[in-house]
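Trainee: With the sequences and hints as input, model every part of the structure.
Note that the protein sequences, when read in sequence, are chains Z and A. Residue numbers for the first sequence, in the numbering used here: 1 to 234. Residue numbers for the second sequence, in the numbering used here: 1 to 101.
I should point out that these hints are in silico values taken from the structure, not numbers from a laboratory. It cannot be assumed that every hint is accurate.
[As the list claims (entries may be wrong)] No farther apart than 30 Å at their CA atoms in a straight line, the calculated lysine-lysine pairs in the DSBU-like style are these:
#1 Z:182 - Z:120
#2 Z:120 - Z:94
#3 Z:182 - A:40
#4 Z:37 - A:40
#5 Z:94 - Z:37
#6 A:40 - Z:94
All of these numbers come straight from a predicted model, not from anything done at the bench.
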Amino acid sequence: MRQTWFDDFRGGALATLPLTVAVAPIGMIFGVGAAAKGLSVAEAVLMSGLVFAGGSQFVALDLWRSPAPWFALGLAALLVNIRHVLLSMSLGGKLQAFPVWLRYVSMLLLADEVWAMAEKRAMAATLTPAWYAGIAIPFYIVWLLATLAGALAGTAIGDPRALGLDFAFTAVFIVLVVGFWKGRETGVILASSGFAAIAVHALVPGAWYIAAGATAGIIAAAIQEFLWSEELPA
Amino acid sequence: MSIEASAFAAILAMACATILTRLSGLYLMNRLRLGPRGRKVLGAVPPAVLMALVAPVALATGIAETAAAAVTAFAALRLPLLAATALGVLTAALFRALGWS
Numbered sequence: 001m002r003q004t005w006f007d008d009f010r011g012g013a014l015a016t017l018p019l020t021v022a023v024a025p026i027g028m029i030f031g032v033g034a035a036a037k038g039l040s041v042a043e044a045v046l047m048s049g050l051v052f053a054g055g056s057q058f059v060a061l062d063l064w065r066s067p068a069p070w071f072a073l074g075l076a077a078l079l080v081n082i083r084h085v086l087l088s089m090s091l092g093g094k095l096q097a098f099p100v101w102l103r104y105v106s107m108l109l110l111a112d113e114v115w116a117m118a119e120k121r122a123m124a125a126t127l128t129p130a131w132y133a134g135i136a137i138p139f140y141i142v143w144l145l146a147t148l149a150g151a152l153a154g155t156a157i158g159d160p161r162a163l164g165l166d167f168a169f170t171a172v173f174i175v176l177v178v179g180f181w182k183g184r185e186t187g188v189i190l191a192s193s194g195f196a197a198i199a200v201h202a203l204v205p206g207a208w209y210i211a212a213g214a215t216a217g218i219i220a221a222a223i224q225e226f227l228w229s230e231e232l233p234a
Numbered sequence: 001m002s003i004e005a006s007a008f009a010a011i012l013a014m015a016c017a018t019i020l021t022r023l024s025g026l027y028l029m030n031r032l033r034l035g036p037r038g039r040k041v042l043g044a045v046p047p048a049v050l051m052a053l054v055a056p057v058a059l060a061t062g063i064a065e066t067a068a069a070a071v072t073a074f075a076a077l078r079l080p081l082l083a084a085t086a087l088g089v090l091t092a093a094l095f096r097a098l099g100w101s
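Mentor: Below is the structure:
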């Protein structure tokens, strides 16, 4: 029994190893960026530990001021991470081997990469709690340690703007956007979102441009799906 | 190694918001019956949110950012996340070093 548990944990950890290695530099970039924005080492590590969602953490740095605007930052995190609702809906149907309380606990570590590896495993076999722990726990620990290393190195690295490091967050998001491309429909969604975001960003202070762009993109998707689509509803 | 009260409140707000998104999908899964079209519209959320984040920086900040965004997007067609990000960062640094910002 114990042997099986360890085998499954190791299986999950080994399958996820490439992603666990790749997240280290991103965590370091976050730590460096946090230091450049004036967050203390403890604050940077606390954010990585409690939020554990890279995209929203980079957005928070973008919006970070002193004193920190908690409402704007909380709202931005909600908007950026709303995709987790979909991820946890999808994975939620594949947790038959988990006791109900453990299903909710495991969702606390649901990052994009963890989700992808768990879905991959669920296609081939029953996803066990031990396998999921093998995916999520090493990934989480590396994210924390990389944040710590980046925050400690921090300002020693030099002016992050001259090095282009402030652009790293935007670059990561652009790569993710390209990954979501599914053809013309995506183009209409992106154009609507981008146009609304730029307009609101120019006219309204704060993080509202994120909500405006997201809403415009979703409305564009709904119009395409319900009004323009030629297929009959299923 | 200190934590400011306002920073702590902000981090807590972010954590609560994120935990809500992670748990609500699991909770909704059994209660909400989304048709394939509803699912598809909900699938527009990630690119719409990401584009809203990127557009003001990429298209309305300066030449360096716009050039770096174009390089990143092009690189992302062929290269993995880390390499494409590195190319974008290099482009931004290069343009700024040349004074084209």
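Trainee: With reference to the structure, classify each hint as holding or not holding.
Mentor: Results of checking the hints against the structure:
1. Z:182 - Z:120: Within the cut-off at roughly 21 Å; holds.
2. Z:120 - Z:94: Within the cut-off at roughly 11 Å; holds.
3. Z:182 - A:40: Given that 30 Å is the threshold and the Cα spacing comes to 12 Å, the pair holds.
4. Z:37 - A:40: violated, 37 Å
5. Z:94 - Z:37: Since the Cα atoms of residue 94 (chain Z) and residue 37 (chain Z) sit roughly 40 Å apart, the hinted pair is violated (cutoff 30 Å).
6. A:40 - Z:94: The given pair, whose Cα atoms are some 20 Å apart, holds under the 30 Å limit.
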